[in-house]
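Visitor: For reference, the chains in residue letters:
Protein chains: 2
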Amino acid sequence: MTYTRRMVNLKNVTSDGVGTAGLDWPNALEQHASRLEAARDAILQRHASGQDPYLGWIDLPDGEVLGEVQALAAQYAGEFDDLVVLGIGGSSLGGLTVLTALQHPYHNLMRERPALRVHFIDNVDGDVITGLLEVLDPARTLVNVISKSGTTTETMAAYLTCKAWLQQHVGEGYARQIIATTDPQKGILRPLAQREGYATLPVPPNVGGRFSVLSAVGLLPAALGGVDVEALLRGARRANEAFRAGAHDNAILQTALVNWLAGEAGRNILVFMPYSTRLRYLSDWFAQLWAESLGKHKPGGGHTGTTPVKAVGTTDQHSQVQLYREGPSDKLVVFVRVDAPDRDARIPNAEPNEPEMNYLADAPYGRLMNAELVATAHALAQAGQMNYTLSLERIDAEQLGHLLQFLMLQTAVVGELLGINAFDQPGVELGKVLTYALMGRPGFDQQREELRAAGVQVD
Amino acid sequence: MTYTRRMVNLKNVTSDGVGTAGLDWPNALEQHASRLEAARDAILQRHASGQDPYLGWIDLPDGEVLGEVQALAAQYAGEFDDLVVLGIGGSSLGGLTVLTALQHPYHNLMRERPALRVHFIDNVDGDVITGLLEVLDPARTLVNVISKSGTTTETMAAYLTCKAWLQQHVGEGYARQIIATTDPQKGILRPLAQREGYATLPVPPNVGGRFSVLSAVGLLPAALGGVDVEALLRGARRANEAFRAGAHDNAILQTALVNWLAGEAGRNILVFMPYSTRLRYLSDWFAQLWAESLGKHKPGGGHTGTTPVKAVGTTDQHSQVQLYREGPSDKLVVFVRVDAPDRDARIPNAEPNEPEMNYLADAPYGRLMNAELVATAHALAQAGQMNYTLSLERIDAEQLGHLLQFLMLQTAVVGELLGINAFDQPGVELGKVLTYALMGRPGFDQQREELRAAGVQVD
Chain A
1 MTYTRRMVNL KNVTSDGVGT AGLDWPNALE QHASRLEAAR DAILQRHASG
51 QDPYLGWIDL PDGEVLGEVQ ALAAQYAGEF DDLVVLGIGG SSLGGLTVLT
101 ALQHPYHNLM RERPALRVHF IDNVDGDVIT GLLEVLDPAR TLVNVISKSG
151 TTTETMAAYL TCKAWLQQHV GEGYARQIIA TTDPQKGILR PLAQREGYAT
201 LPVPPNVGGR FSVLSAVGLL PAALGGVDVE ALLRGARRAN EAFRAGAHDN
251 AILQTALVNW LAGEAGRNIL VFMPYSTRLR YLSDWFAQLW AESLGKHKPG
301 GGHTGTTPVK AVGTTDQHSQ VQLYREGPSD KLVVFVRVDA PDRDARIPNA
351 EPNEPEMNYL ADAPYGRLMN AELVATAHAL AQAGQMNYTL SLERIDAEQL
401 GHLLQFLMLQ TAVVGELLGI NAFDQPGVEL GKVLTYALMG RPGFDQQREE
451 LRAAGVQVD
Chain B
1 MTYTRRMVNL KNVTSDGVGT AGLDWPNALE QHASRLEAAR DAILQRHASG
51 QDPYLGWIDL PDGEVLGEVQ ALAAQYAGEF DDLVVLGIGG SSLGGLTVLT
101 ALQHPYHNLM RERPALRVHF IDNVDGDVIT GLLEVLDPAR TLVNVISKSG
151 TTTETMAAYL TCKAWLQQHV GEGYARQIIA TTDPQKGILR PLAQREGYAT
201 LPVPPNVGGR FSVLSAVGLL PAALGGVDVE ALLRGARRAN EAFRAGAHDN
251 AILQTALVNW LAGEAGRNIL VFMPYSTRLR YLSDWFAQLW AESLGKHKPG
301 GGHTGTTPVK AVGTTDQHSQ VQLYREGPSD KLVVFVRVDA PDRDARIPNA
351 EPNEPEMNYL ADAPYGRLMN AELVATAHAL AQAGQMNYTL SLERIDAEQL
401 GHLLQFLMLQ TAVVGELLGI NAFDQPGVEL GKVLTYALMG RPGFDQQREE
451 LRAAGVQVD
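Sequence lines, in order, name chains A and B.
Under our numbering, the first residue of the first sequence is numbered 1, with each subsequent residue one higher.
Under our numbering, the first residue of the second sequence is numbered 1, with each subsequent residue one higher.
Isolated chain A (complex conformation):
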């Protein structure tokens, strides 16, 4: 097999690993190679045209906004202790993923912190929002409000609360402490920010929320949190380069094929399971990327979209693996492996007289983690549950940037294979409109009446 062995291990999706349930590999790749390359070329050609309204995320690794982000971060660093990010979905999950992976795992509890604590308000839970503001010092807190349009209900509610809180506690100077990340031209947040005198950063119009992690949306929180954002972009550029290879040397195309074929074969569940506590939000980020991109009405009728399930190894071995082994073969499981931990932490020989624990004595934690991954992958394969493993050499900004772009490109390819638009989200519109109606927003009386007629309590 000619896929990059280092990065991807596909054995357990093939009949070699998983028996008759598996793919006939490499024949399946052979059969679909030209289709995969055509999908890739379609994406790259639309992108190269400069006219595509969605594919701006392919350019983000080039770092057009990097200087602006770094200048702003440098200007604020040292003067503030906390950053509160107001955003939901694509406006929060990217930053959360990057910071959870790359900051000290207990950064926010350290006495001497190398960077700002970053908190995300990604819900309209008033108990939690007011609880957060209680523990922050308003004079030492920055607020980054992120919304492309400025009309995202949840983000605007949080913005109103944080603005009022800053005004109350720091007075006139509040505007210096708010940074708006929004569309360069359109929407209501841009003029509002100009009127108020907030610093601003752009979300390119041709970049959707779930593809925005490497725009200012993800980069500013990352930079203020001490992440090497240049390395993040460098890794993503590597994925862009690797994407140009032929199907036989292209792990992005090959995993896209596997994900797609698994869905076509009726496996409607895609489990994403990094073996790393620090990568736990990568699962959340991926779940949005996958679900919102590929869960669509099919042109011509029908529905597409396998359902992502977030998991973390080894933790979820004690929660989900019973089902994955003995339940129906309705899944494809994607493991993420970290070859080497940051620290050489070993399990001490603290019970030398306890024979049941001796096998652990002096073992590196990293070895145990990866033994559990390999054991679980093998045990699932034995039960007919397809799985493959993506590997990182270690968790650093460059490797993570590579993986993020890898997964975005993979998702775009699956969208092509499905023949859908992977970049819009028409299905969320009705929920928004009905929320407006229930909140009594002017102009939504008709929907209000419809809800009432359907027996929904509207007051």
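Just so you know, nobody snuck in bad clues.
Each pair may be met inside one copy or between any two copies, as identical chains are not told apart.
Straight-line Cα separation of at most 20 Å, DMTMM-like style, residue types lysine to aspartate or glutamate; simulated pairs:
id, residue 1, residue 2
1, K186, E196
2, K432, D445
3, K186, E356
4, K432, E356
Note that these hints are calculated values from the structure, not bench results.
For chain A, the structure is supplied; the task is to place chain B on it using the hints.
Guide: For chain B alone, kept in the frame of chain A given last:
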């Protein structure tokens, strides 16, 4: 309809709410009422026999261990700042759920804290474990090691690390700072704790990990974290009482029926989606309860088990709802609604000149949260995606205890309907054994050779 309207709203699983995809209700209930009651009776009779090896969790709300837990908590409170809980799966998710729901949402960042900070080590991520110990003061840290058998690899690794850390920093007195929660008789942790002089608490032999939240497993971390554990148990007793009602007045039986029928009709995905940031780990706890209990080989062949998906509203509206609306109708969605927040937080009118935001001015956050839930439930129903809503009046210990016991009883009933044992987990055994083999544990040479023969790298 005669189910308890206050607690459960089933409209969107019926043809009334979701159209032809829905259940013919109340006829479906009528049809299955005696089967449901028989399932309930089978559980209660096995329990009453006193011989059942699994049903001890039904007695936990009676609080046999309460005095012991409270005495221990009182003895330690004030003297310590931090509790580190070593446990995985059922040994951590219950405590995590309760504390996340009931402590101040940013308790661990408060300057003056009403109770201990509680940290959970639920993985073998050496970077994270050593990172945690770096930010703690060993002289002010308690360790609670939780394992029924004392052979759980992940928990024992963490125990060895924490013991060595305490020994190194506090010397001889380390034993006073370790509490072992384990089987009263069997396993290796009990004799080890006695030898070392640790305080101990029991996990009743007839209580499995995922049903142990109301045993000392969940209660000690909760009590040290300041939770009213008596109220937790009181709520759970209410669920036990309500479980005895006939099918027409029994929300546990009715929701069990819906969950089961949805699975039988081919909806193999069960989304659990509380609209509350503080209930986010309830989804994790439920996902284990559901997956590990019901993902089984069927006696006589085949497989059971729908796959739980963890979600949080409103957050995941911006991540998953596109898929839920436009993707395949392969789901049942369970919403959890909180009628009243703790605080009367309102959205301030901080942009009076911005017409696009005026509909939010002075609105209670709780109203917005529940408007979004109702809007999403309705939008999903319109798309043929079945859903129902469980309500809590508020998030307090009593209501949460009720909901936890409700969900455990519901799961047990579904196990009866499926004709499986909901209380074992034979499917996790192979992964454990293969991990031992890969770690070079004596006695597992044969599995080691099998792995090698299968092409797995074993060194």
